[in-house]
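Top to bottom, those sequences are chains A and B.
Residue numbering for the first sequence is 1 to 508, as defined by this note's numbering.
Residue numbering for the second sequence is 1 to 632, as defined by this note's numbering.
It is worth saying that the hints were derived from the structure and are not from the lab.
Be a bit skeptical, because a hint or two may be false.
[Claimed, not checked] Restricting the straight-line Cα-Cα distance to at most 20 angstroms, the calculated cross-link-like pairs of lysine to aspartate or glutamate (EDC-like) are:
| # | chain 1 | residue 1 | chain 2 | residue 2 |
| --- | --- | --- | --- | --- |
| 1 | A | Lys502 | B | Asp66 |
| 2 | A | Lys295 | B | Asp66 |
| 3 | A | Lys365 | B | Glu159 |
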Amino acid sequence: MSNILSVLIFFPLIAGVFGFFVNKNSIRVYGIVVAAAEFLLSLWLWMSFDTTDAGMQFVEKISLIPEFGISYYLGVDGISLFIVILSTLMTLLGIVALSIKEDLKNMIITLLFLEVAMIGVFVSLDVILFYIFWEFSLVPMLYIIGAWGGPKKLYAAIKFFIYTFAGSLVMLVGILYLAYIYHATTGVWSFSLTDWYGLLLPTDVQTILFWAFFLGFAIKVPMFPFHTWLPYAHGQAPTVGSVILAAVLLKMGSYGFVRFSLPLFPDASVAFILPIAILAIIMIIYTAMVAYAQKDMKQVIAYSSISHMGVIILGTFAMNVEGISGSIFQMLSHGIVSGALFMLVGVIYDRRHTKLMSEFGGLAKVMPTYATIFVVMTMASVGLPLTIGFIGEYLSLAGFFKVSPIMTILAGTSIIVGAVYMLSVVKKSFFGPLANPENEKLKDLDSKELWALVPLVAIVIWLGVYPKPVLEPIDNSTKALVQLMHKKAQTDKAKKIILVSKDAKEAK
Amino acid sequence: MENLVYIALFAPLVSSLFAALFAQKPKIQLVGIVTSILIGISLLASVTLLLDIHESGKAVSVTLMDWIQAGDMDIKFGFTVDQVTAVMMSVVTLVSTVVHVYSNYYMESDKSFNRFFSYLSAFVFSMMVLVMSDNFLGLFIGWEGVGVCSWLLIGFWYERKDETRDVNPSISPSWAANEAFIMNRIADLGMLVGIFMIYWNLGTVKYSEVFAHLDQLSHGMLVGIGIALFIGAMGKSAQFPLHTWLADAMEGPTPVSALIHAATMVTAGVYLVIRANPLYSQIPEVGYFIAVVGTFVAIFAASMALVNRDLKRVIAYSTLSQLGYMFAAAGLGAYWVALFHLAAHAFFKALLFIGAGNVMHAMHDELDMFKMGGLKKQMGWTFFYMGLASLALSGIYPLAGFFSKDTILEVAFNEHTYGIWFTLWLTAGLTAFYSFRQVFLVFFGDERYHEIGAHPHEAKAYALWAMAPLAILAVIFGFYKEDFVEFVTKLLPAYEMSEHTHHMVWILTLVTTAIALTGIIVAFIKYSKGLKRDLNFEQNNKLYKLLYNQYYIPVLYEKAFAKPYKELSDIAWQEIDMQVVDATVDGIAKAVETTGDVSRRAQNGNLSTYLKWMAAGLIFVTLITVISVVIK
């Protein structure tokens, strides 16, 4: 199966279209079967992935519009492989845990279309194709928030759509400009990313393009001060929407930085480490404080996402293998952990129809399994060693320490402020006396919820103890990426700061 | 030998997982028994390793598997059992075994019996990882692991509600647990920074490689690393100013206090300094700073213990004070002395805490010593144990504390740091006083417990038997000082006293014993005949109130940090995020909408309006053309 990537993209698409004809009563089973099959396919991709090869694998290239060099060009490397698997996994678990009754059929079909978009974004190597999937991903999410959301769903959905869309348009202009430069330099049109990697851009052009792409990515991540769409989207989205949004969609932004900004504009990336790092530190500390101020449990998790994305951005801009590998691993970790936390919030919301922590307290007594899983995810979220959350956070911070010890110490307060808001959620919701009589008869997790959550607990511990199967391919591809950046770097500063790892140097 | 390493390490993990299987079930006695046996197995393995290393003089190293590899970073799960580790392992597992057996008694009617054992064994596992790891990041795993177990166990009775500080100075178990976790996290950041510095300068975090290449580092870098690591140590060992969590941690069940917050976890910071002795030996100025901090904490904590009425808090302050002694020794370069006191302290302090547990059981969880008294009659054995432990703590010959504490004082004298010596000497007197104040208030004098309707009873026989090993060690451990020195100085630098100190030793011993005895006698005169309270003094004496309220530091922290942080967070959300950042976004959207709305009005379908606009446009364009021509 050399065209496995096409299969991964088109299988949910076709299955989604077929979904319209499936009987309403069996749509749930249908959705789970399709998502499970897709997940197994992605696992198969991993199994047949050559972990020693740092380059693009399973490459498919069909020319679409040869006049403009646009092609159907797919490929996967260590950096994107696991985000693809994360997408299929979270879609599957999201469908398993679905508690929505009305319009279930449309919801499942929407989720399958969303899956197409997510995988498309992460495996596209043609920039136009990438951009199409990137924008296409907005539509299902708009629909999920707008149709199944809370009382302010339309406001939240439209804000989400227009805000991220506006950023993407600036990025599109950047893409077209870059293609124009490519044509001007080489005399041929191409939108293939691997072709673009070979381009040496003057630093002033890099600067313009860097900020154009930045806007698209930063709103998606979302970076401070472009983050305010996120609390609304999470606040109004149904559980499954929040799970996918936090676990995968935000990663599109941070993935964009790694895939586009760093290798295409290495000098500009190095030049703007300082402003980016300042934004990242504001994200870490400021949003952690905002998270601490929340009264709604889901909003705490929503803001905590921004805080954790700050660490990811910081790791990405560490410009060394430790930091970038760490940030990619942290993307996965955050996907798993925040996805699980949003599911957990959904559990209590289904039972009590409120997310206000003042309504809870003492839940550990009536829902011990729920409390246990919540605490495990809390610990992963605050980056406890031997959970998945530690590895990425540690590596990201360690990587950035090489760039600036002082800023790393500021960013490192993430381990303190993170503990403050997460432990306060645990204390307010699960500890203390069971004061509210409405909570006395709450049922602990049912089998459906356990099926969705237990795999995530297992992953949290497995990858915390033994990250190698995932970290090794990431690390290999990152080494190649950093080497490419180092090779392309023109300014002395960039040559100095972009740090090629020792064994890669020896291999040369 | 490798197998023994794995058995010692993983038996507690198996134990914890086994108990976790039944965590939500009602009490199963078997869980208590099986976990105790498994921890006992770990003890046996540890002691066998200790004896083996004693025999062979060689450390045992194993590498389990890879952990983190990224870039040039290569971190494995590696464990080394050398002399220091073997001592730590034996101490940890011994106290753990005793506490596990004892907990069968102490927690016998708790509904979360099984869950308790799961947490307790998980703690032992984390502690073993902490002391056995052969690299800094492995130590950090254990470091954070014990932190979480401590969090779980302090907050074990999570359902209790928050009280105000005058009802319960620790507010509630869950509050105290969070405080402990967050405060430790502050220090952990320091530790992480230390690890980063080590990694980027030496390319490894493995002890053996790091210590072998310290000479490549500049002095400033060594100082930086030394301070960063010590900040980490300050959190776990509750050194000033990160000390408030330890007293509040007494909200946990008493066996937890004995194991975690007296004998083992809180000594992790001391262990770190001892472990990093090749580093600290090169930076004596940082060592001196550590010694000063330790000395300050010794007397600072002892002063708070003088007036406290809470049975467990007094012991907690005394733990804090003794940790100060250990840091003083380690900071002055006498690493083996610090380790010796660490071990001796673990035995007698755990004994003291467990004794306090017996008293609490007898008094139906009453902790106010002013409501006890005369318990010697009903609780002869507990009195004996606690009395013994207090004598050891006071440093009375021939108990363990005499040998270990006296040596620390000798070191301070030998280093010519007379200020440190004097402070520690004075503290020895305070220690003796508050320890025996406690003994006399609890066991002697009038039986004040009738007022609260308590019916005291002695603990069960097996609980008392479980305490015996600690009591025996508290008595005899000191006599093994020579063997201990010979054993651990194969790894740690030998600390030799100067000729001058040698001549002075007997005088030093005499004055130290004298002040300790004085403390005991004062306590005897004041408290053995019953409690005579001077309410006027308690309410109006400023010094008394200062000490009783822990120098108002918890309140200060609340007012200076916790509250402003909360208020600032609220401002960040309500005022900045909502009113500025989001309002700007919505403002831009609004502006776009308004612009559209206004320009929409132009398209009203009225032909004459369009004609007017056209004419205006025409004139405008003509004007511009004319002007540009004229200017040219």
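Do the hints match the structure? See the list:
1. Distance restraint check for lysine 502(A) and aspartate 66(B): the Cα-Cα separation of roughly 19 angstroms lies within the 20 angstroms cut-off, and the hinted pair is therefore satisfied.
2. With a CA separation close to 42 angstroms, the supplied pair lysine 295(A) and aspartate 66(B) exceeds the 20 angstroms bound.
3. A distance of roughly 8 angstroms separates the Cα atoms of lysine 365(A) and glutamate 159(B); the hinted pair therefore holds under the 20 angstroms criterion.
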